[in-house]
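S.K.: Chain residues, written in single-letter form:
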Amino acid sequence: MDVLLNEEEEMLRKATREFFESECPPKLVRAMETDDLGYPPDLWRKTAEMGFIGLALPKQYGGEGASLLTLGLLLEAVGRAVAPLPLHSTLVAALTIADAGDRQQCQRILPQVSSGNLIMTWAVTERDPRLNPEDVATTAKAEGDHYVISGSKLFVENFNASDQCLVACRTAPGSVVGEGISLFIVDTKSPGVSHVLLPTLGGEKQSRVVFDRVKVPKANLVGGLNKGWPIVERMLERATALICAQIVGASRKAMEMAIDFSKKRIVFGRPLGSFQANQHLCADMVIWVDGTEMLTFEALWRLSEGLPATKEVSTAKAVCNERCQMVLRNANHIHGGIAQIKEFDLNLWFRRASAWMMRFGTTFEHRKIIAKAVLAA
Amino acid sequence: MDFNMTPPTTEMEQFRQEVRTWLEENIDERMKEPVDEDDFTGEMYSYWREKHQQLAKKGWLNPTYPKEYGGGGLTGAHEAVIVQELREARACSNMSDRRTPESIMVWGSEEQKQKFLVPILTAKVTTWQKLTEPHSGSDLASYESKAVRDGDDWILNGSNVFISGRGARPDYLCGPMQTDRDAPRHRNLGYFLIPADQPGVEIRPMNLVVGNTHSHTIFLTNVRVPGNHLIGGDHQGWQVLSTQLEQEHGGDGGGGGSLAPNRSVESLITYARETKVNGRSLGSYPLAGQSTTEAYIDGHVDKLFSQRAYWIHQSGSEPAHEGALSHLFDKLYGIRHEARFREVMGPYSLLGTTDPLAPHGGLQEIRMRNALAISHRAGSLNIAKVVLARRMGVSRTKERAAPMRTKGAKSAH
Ligand SMILES: Cc1cc2nc3c(=O)[nH]c(=O)nc-3n(C[C@H](O)[C@H](O)[C@H](O)COP(=O)(O)OP(=O)(O)OC[C@H]3O[C@@H](n4cnc5c(N)ncnc54)[C@H](O)[C@@H]3O)c2cc1C
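Protein chains in written order, with the working numbering: chain S, 1 to 377; chain U, 1 to 413.
Here chain U stands alone, though its shape is the one from the complex:
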């Protein structure tokens, strides 16, 4: 057992220094991640597309994927360092969704890995995860968007909502399509990588209340996709999707995102410490101090849960309930956390980024709106509870984890 996020070795320290120096020398201050997503410009998008390619070359964009597929071939400890330093430098996160590569890694043929995975992991192309349909998000197995064979190709028709992604359009929209209208649920889907820059693909922005999201509606009208864009068999889409959902439901410990210090908890603590009420720090008042302490404890437990799930994923063991638990805790904690900000900051927590008195540049107002999405994005809170219960065997059969890359790369295909 070792609770260190990174081993306290000189080698690790040197690596951290290397990453930090590179970021200091290579990232333009003006291009850093803005507090408000609305301030993310087209210029920033182009800048970061280029930077991500440079980061990928160094193996730092997808550190733990194998080198031969464009990853860094590095350890989880390296990833922790990279994630921490990137966050510290306010670097923009990857423009591609994090989950599609996992599915290709596990279910793609060698040819598909070369064709799709390498360009994705090296940031030459981008992907958006296309799952939710207007009639259903929770019940993904009820997918209605259809793919019909036409010679070697497929013709796609359907629509989606809430598809997150930066930029005007990705290179690929990735998700399931119904390939067999007569087959039973879970056996009627195929998983496709759909080139997005072609006639029949219409992408429209959605205007959401929540902060820091770029969300889209997507319409596919007679979109032609070559047969080799189908990942897994034409009735295996649900299994491919399960790998993706395993990750979405916490199976990769948040992909290392939680390995960095929790900014949000830190900012609450700073606020409670530095705000003075009658000459005393706000945090020294019992109730404000208590809320801040609870936030710290919750945040710490949250980190431990993700660290455990992350480690299980990295070490190639099969997760039981750990990912699902981490995913659910993250949601529940997020909701409690947001309330604490309001209690400690009062009306200041509602001030937007343009007001000079807004704490932490208005970050909190954005977080308030963001917190609205916690119950929904990456699967609803109710579903997260069901997933966890099933992993605990509270169901007819105890559900097992879908194959993931570190283990499943060998076993699934």
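Isolated chain S, as found in the complex:
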């Protein structure tokens, strides 16, 4: 019944917001767009020291053991500051190892992640961005005590900064959807791995990655052979809910900037905010921000409780994609011409959040999932 944050959660929200607001000013975000690495190692280290990176990783591997909902609060704060950190990609991969990796893999990787010494990412998408198992064509073939991976992956986030990457590969021809896929931990420095950065609107780091006969030890297989797709599905579900938190955080901040601007800008001799047309735009924004936030929290809560959450996650993402984009658009609209100037900060929020919305499925895929769930007999 109580859908509000509890005291502890409120404190975490406050602490994370304050941390990123003071440590990650827009100037830093902008600087990282042209930086080769794309993230400030100093801030990454501080984030680890605060215990944020390991927040939701298991206690026995150096984490804090917090829930995904709690982690959502952290990512909301990251989104709010549009902090250029490889946090989401690292956590998506690390949580998947915590979920499906063996003890040895967990021991090798998770403490390193928590301490900020290991950056990770994941690679599923190839040509079609819709994240379907049929689209996975990159192969992994057993050769002695290794697998040899060949193929290429697209839109891989933070690959340039990552040490390890989870790669979905085809290990058997899949007759039934989802069969025949396996998940591997690949060292990004392995011979045969190469990548090119993609030029994107968001200014974040995404790569096209090529695996040319890359040797991976058998011990790097996550979960069973040919049994990788259900693990990927769980990974994507968590990742989707967590990216929603980031999108909501960025959207709320953009809304706040626009409301603040409305009070300050004088048009026709009075504050812009006194015009009803502007008030309507603001009212729409808050409906969308609060709405997507509640949907996101609900999805994260269900995941945290171990309840089925497919429909809720997709609802959150479908609505985020549509409505948060409108929030950013209204915020841009309210600002008038000035927000079109590159040096004006708002566009950082617009571009970053737009890019996040294009990850983990467009509205179409998610509506399809919702329809399937809602219309099932």
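These aren't lab readings, by the way, just hints derived from the structure by calculation.
Beta carbons: idealized from backbone N, C-alpha and C, even for Gly.
Among the clues, some could well be false.
[As the list claims (entries may be wrong)] Here are the simulated BS3-like pairs of lysine-lysine, each with C-alpha atoms no more than 27 Å apart in a straight line:
#, chain 1, residue 1, chain 2, residue 2
1, S, Lys264, U, Lys331
2, U, Lys331, S, Lys263
3, S, Lys27, S, Lys263
[Claimed, not checked] Facing chain U, from chain S, some residues (calculated, C-beta under 8 Å):
#, residue
4, Pro129
5, Arg130
6, Pro133
7, Leu198
8, Pro199
9, Val267
10, Arg329
11, Gln340
12, Glu343
13, Met358
14, Arg359
Based on the hints, put chain U with the ligand in the right spot on chain S.
M.R.: Chain U with the ligand only, in chain S's frame:
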């Protein structure tokens, strides 16, 4: 009633062939409009300045303006053909803003038409529209940049932002200045053509997020302008401006720009048709198909609205709300349209021009950024709504259109 854009006659077909052949024979492939404005070079600028003069000689640069002022003396149907063929040939659009000639045509004296309009319409000189000031764009009547009389001349001081234009500087910066600090709003302005190549005029590029714009900040410091550069009376600037804004707010149906096929809708349809998902075309999936269809419908309605406004302007009737409606619809539709691209193309829609996988050469990423400007350029979305409402009589008085050239050329002066 006739929904044909051009009459299906042999004469029209011959004209189309003539334009097409000329463009094929006279336009250098290397000089064509680049996808990304950043690839527009100084060499291209010089090339097109020259080409525009050639096009003007044939009457194709400003087809519907009278011949005696450097136009083509042609019909709207001819303009439709020209616009379509120029777009097909990826010709660069005019370096001058489209709106200043309308104001000179309506409000300029005969001497001013000879002095300014003829060189502008024949592309010998260029103009940029200088309206927005840092403190205000929407409330243009609050203009603060000042003009003070000095003998027969005027001395100008002030500043502007977001002034679009290609090249380092135009020949003229065109817009209002406050001529009387004591007169009430709407009666305190004069409209000037300011020679830009002189001391005191400082033009600096602005760096915008949106694609395909060259935007500038302008500072005028004790700039001297001869008295005959004032168009209309020294308290008539708002009226001159109204003619310009009438056009900016859709009163000329987008100047024929919308008479060409909608490239953007076409590219979405092509993408949905040609992209294969599990062996089927993306567009055959219900949701992607629906978005693409909605884009088509919106685009078609948009075209009809501009066609109507264009025709009213061409036929010399007084527009009521049609231009304002077309202008607003264009903005609203543009915003919806951009979202559809993202839904259909997903992350590909964000790939820039330098990536080989970017659909349509990265056009979409530029469009995404461009779409940010829809709410602002040529007047804000909110203002567009107000303008339309007032034309519908939702105000104390029902507002009427400002005089435009086809009608106003006779009546205003
Ligand atoms: C890409 C681009 C190109 C441009 N090109 C040119 C150009 O070539 N020449 C030129 O002169 N200008 C140009 N402009 C400027 C443009 O015309 C202005 O940005 C626009 O008129 C809005 O003015 P402003 O930016 O000062 O915003 P403001 O007028 O300060 O408006 C800020 C916000 O207040 C809202 N608002 C204002 N008044 C009201 C009201 N009465 N009721 C409700 N809401 C209101 C607006 O909708 C907006 O959301 C360009 C702008 C852009 C972005």
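S.K.: Next, verify each hint and record whether it holds.
M.R.: These are the hints, each one checked on the structure:
no., hint, verdict
1, Lys264(S) / Lys331(U), "26 Å, holds"
2, Lys331(U) / Lys263(S), "25 Å, holds"
3, Lys27(S) / Lys263(S), "24 Å, holds"
4, Pro129, "4 Å, holds"
5, Arg130, "7 Å, holds"
6, Pro133, "11 Å, violated"
7, Leu198, "6 Å, holds"
8, Pro199, "4 Å, holds"
9, Val267, "6 Å, holds"
10, Arg329, "7 Å, holds"
11, Gln340, "5 Å, holds"
12, Glu343, "7 Å, holds"
13, Met358, "4 Å, holds"
14, Arg359, "7 Å, holds"
Hint compliance for this structure: hint 6 is the single one not met.
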